[in-house]
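Engineer: This is what each chain is made of:
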Amino acid sequence: MNGGHPAGPLARFLAWGTVFYLLLPITIVIPVSLTDQRYLSLPQEGLSLQHYARLLGSEAWLSAIGQSLWIALGATAVSVVAGTLCAIGCWRIGRRSSELVRVLMLLPLIIPSIVYAIGLYRWFGWLDLLDRLLGVTLAHGVTGIPYVVITVSTALAAFDPRLEQAARGMGASLGQTLRWVILPRIMPGILSGAIFAFIHSWDELVMVLFIASRQVVTLPRKIWDGINENLDPTMAAVAVLLILFTVLLLALDGAVRSRAGR
Amino acid sequence: MSAATREAPLAPRAGKGTGHALELRALSKRYGAFTAVDAVSLRVERGQFLTLLGPSGSGKTTILMAIAGFVAPSEGAVLLDGRDITALPPERRAFGMVFQGYALFPHMTVAENVAFPLRVRRLSRAEREAKVRAALDLVQLDRFADRRPAQLSGGQQQRVALARALVFDPDLLLLDEPLSALDKKLRAELQEELKALHRRVGRTFVNVTHDQEEALSLSDQVAILNHGRLVQMGAPAALYERPRTRFVADFLGTSNFLRGTVQEAGDPGLALQAGGTRLLQAGADLPPGSPVLLSLRPEKIALLGEAERAANEVAGTIAAWAYLGAGYSLTVRTADLGALRVALPAWRAPIAPSEGLPVRLGWAADAAVPVLEDADAA
Numbered sequence: 001m002n003g004g005h006p007a008g009p010l011a012r013f014l015a016w017g018t019v020f021y022l023l024l025p026i027t028i029v030i031p032v033s034l035t036d037q038r039y040l041s042l043p044q045e046g047l048s049l050q051h052y053a054r055l056l057g058s059e060a061w062l063s064a065i066g067q068s069l070w071i072a073l074g075a076t077a078v079s080v081v082a083g084t085l086c087a088i089g090c091w092r093i094g095r096r097s098s099e100l101v102r103v104l105m106l107l108p109l110i111i112p113s114i115v116y117a118i119g120l121y122r123w124f125g126w127l128d129l130l131d132r133l134l135g136v137t138l139a140h141g142v143t144g145i146p147y148v149v150i151t152v153s154t155a156l157a158a159f160d161p162r163l164e165q166a167a168r169g170m171g172a173s174l175g176q177t178l179r180w181v182i183l184p185r186i187m188p189g190i191l192s193g194a195i196f197a198f199i200h201s202w203d204e205l206v207m208v209l210f211i212a213s214r215q216v217v218t219l220p221r222k223i224w225d226g227i228n229e230n231l232d233p234t235m236a237a238v239a240v241l242l243i244l245f246t247v248l249l250l251a252l253d254g255a256v257r258s259r260a261g262r
Numbered sequence: 001m002s003a004a005t006r007e008a009p010l011a012p013r014a015g016k017g018t019g020h021a022l023e024l025r026a027l028s029k030r031y032g033a034f035t036a037v038d039a040v041s042l043r044v045e046r047g048q049f050l051t052l053l054g055p056s057g058s059g060k061t062t063i064l065m066a067i068a069g070f071v072a073p074s075e076g077a078v079l080l081d082g083r084d085i086t087a088l089p090p091e092r093r094a095f096g097m098v099f100q101g102y103a104l105f106p107h108m109t110v111a112e113n114v115a116f117p118l119r120v121r122r123l124s125r126a127e128r129e130a131k132v133r134a135a136l137d138l139v140q141l142d143r144f145a146d147r148r149p150a151q152l153s154g155g156q157q158q159r160v161a162l163a164r165a166l167v168f169d170p171d172l173l174l175l176d177e178p179l180s181a182l183d184k185k186l187r188a189e190l191q192e193e194l195k196a197l198h199r200r201v202g203r204t205f206v207n208v209t210h211d212q213e214e215a216l217s218l219s220d221q222v223a224i225l226n227h228g229r230l231v232q233m234g235a236p237a238a239l240y241e242r243p244r245t246r247f248v249a250d251f252l253g254t255s256n257f258l259r260g261t262v263q264e265a266g267d268p269g270l271a272l273q274a275g276g277t278r279l280l281q282a283g284a285d286l287p288p289g290s291p292v293l294l295s296l297r298p299e300k301i302a303l304l305g306e307a308e309r310a311a312n313e314v315a316g317t318i319a320a321w322a323y324l325g326a327g328y329s330l331t332v333r334t335a336d337l338g339a340l341r342v343a344l345p346a347w348r349a350p351i352a353p354s355e356g357l358p359v360r361l362g363w364a365a366d367a368a369v370p371v372l373e374d375a376d377a378a
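Residue numbers (our numbering), protein chains in the order written: chain Y, 1 to 262; chain V, 1 to 378.
Worth flagging that the hints you see were computed from the coordinates, not collected in a lab.
Note that CB positions come from ideal geometry on N, CA and C, so glycine has one too.
Don't take each hint at face value.
What the hints assert, rightly or not - Negatives, chain V to chain Y, calculated, CB over 12 Å: (1) GLY101; (2) TYR102; (3) PRO106; (4) HIS107; (5) ASN113; (6) PHE144; (7) GLU189; (8) ARG259; (9) GLY305; (10) SER329.
Claimed, not checked - A partial selection of chain Y residues facing chain V, derived with a Cβ cut-off under 8 Å: (11) ALA158; (12) ASP160; (13) ARG162; (14) GLN165; (15) GLY169; (16) SER173; (17) GLY175; (18) GLN176; (19) VAL181; (20) ARG185; (21) GLY226.
Let the hints inform the model, and build the full structure from the sequences given.
Structural biologist: Pasting the structure below:
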């Protein structure tokens, strides 16, 4: 915004205060990950990369990263397909009943995840999905749907419905219209939703605590266990890598959006 | 699509009668208690240019959407060459359509946009390219094939939309206010192009507009709609010269309305009493005592000189005037007929208008036309 009055000193102080308040707890792990000590602490005599080296040499940590990655990718696929189809369906029907469906789809976002996790535990027990990659992937995939529904619905709101009419008027079937007209136009929304669904699965802990135990150990779960069992600074190194990864994904989302805005 | 049309894509089809005939039978569309289209029946002959003209909310766009298949009629039928197509979905009708705002695909180039209907029909690449080139040639946009729609001007986008609507050789071309987004000068230019295009491709065109000038200049037939009903349909000149109702006379051009009562019916016409003035009106047959409403166009009223006489004469004073370049528009206040609009050519005008100037107006017995009050005029 140009040409307005500059913010007063109080407003600036509050704004910067909020920024620091948000970022400080995150940034504290960076020096901790570089500690030269053998326990979770700030560096005493010098900086060291030993914990990063330990992380990359550890079978358990690498396996957790690998499992998290596969689960997140699978979950993202589930969320994107279901969420996109749901958003397009609601948009096409365009009635009030579709509003209800959309609200229903947002439920996983609204309900406390611990409540959801208890329910899942029951169901997955019956379905024999406890402590399995497929179970965690499904759970994360379903709870990631709201992110995709929101971003795709937003993209569709900006989509000119006459483009669909034009395509169908020229003889395009529903499938062709979807493939050649609608999907290319809402692709930025889908990508954005995919990134959020991925991040959602990547750092989800509560459900994993309930529905996984020995076989499936995701990265957040491994960190959780690590904090409970020993205070190994390797966790700080993991945390820093997680932060970098998330920042990277958000930057990607920003790039997708700015390209779409062109 | 017939075999013959496949062989000659966009080839000039000489003369009329090569397109398809369209018929609407008692077409109605209701949204709850609101009737958008009320029992409209009309027929467009092969190769004709029909314009649906009406104010906003008159149902003209709903009718076009029903022809295209996007709106399912509540009652009535749409027939193409006598075949009932009411139940066909839009993709099976595949009429060429130019949307308001053009609805070009922003993520495709001009050539890809025009190729879209061909891609849908799974034509080979070579065939596609040849037809796209021919279509872009037709609208003189061959140099812009690789641009995106956003890089084109409004008039160019409009032509891309036309090329895309015509490239697959549709049975009908439907136009939804195709020129409304353009400025006045460009609109006039594209009107002529559209007319020439219609002559060249010889297809049946159905156009929707609220612009009466566009309707008059483009169309073979104009259907005037109001409140979802067809008020009158005919050739532009017939509609302008012989409006059936007050609405038509008022909507198409401008008109003065004179109210009177028949005194005598005889030769050469009716003698009317309008206030204290006696009027002579040709070409109507009504019994004495009946009320009459006359539509009198401003350009058919003349300013009379000292010695000039006319079948109808009335004196008044100029209440307001405006100079319009080609002519003057005068408002003359008269004692018996109220305020009359008069159009006067500006070049060698007999008077220099000024407010309060007394004038004598005159018009021939066949200058005015008796019209009906509209049923829903209230």
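Engineer: If a hint holds in the structure, say so; if it does not, say that too.
Structural biologist: Hint check:
| no. | hint | result |
| --- | --- | --- |
| 1 | GLY101 | violated, 7 Å |
| 2 | TYR102 | violated, 9 Å |
| 3 | PRO106 | violated, 8 Å |
| 4 | HIS107 | violated, 5 Å |
| 5 | ASN113 | violated, 9 Å |
| 6 | PHE144 | holds, 19 Å |
| 7 | GLU189 | holds, 24 Å |
| 8 | ARG259 | holds, 45 Å |
| 9 | GLY305 | holds, 57 Å |
| 10 | SER329 | holds, 39 Å |
| 11 | ALA158 | violated, 11 Å |
| 12 | ASP160 | holds, 7 Å |
| 13 | ARG162 | holds, 4 Å |
| 14 | GLN165 | holds, 6 Å |
| 15 | GLY169 | holds, 4 Å |
| 16 | SER173 | holds, 6 Å |
| 17 | GLY175 | violated, 11 Å |
| 18 | GLN176 | holds, 6 Å |
| 19 | VAL181 | holds, 6 Å |
| 20 | ARG185 | holds, 6 Å |
| 21 | GLY226 | violated, 47 Å |
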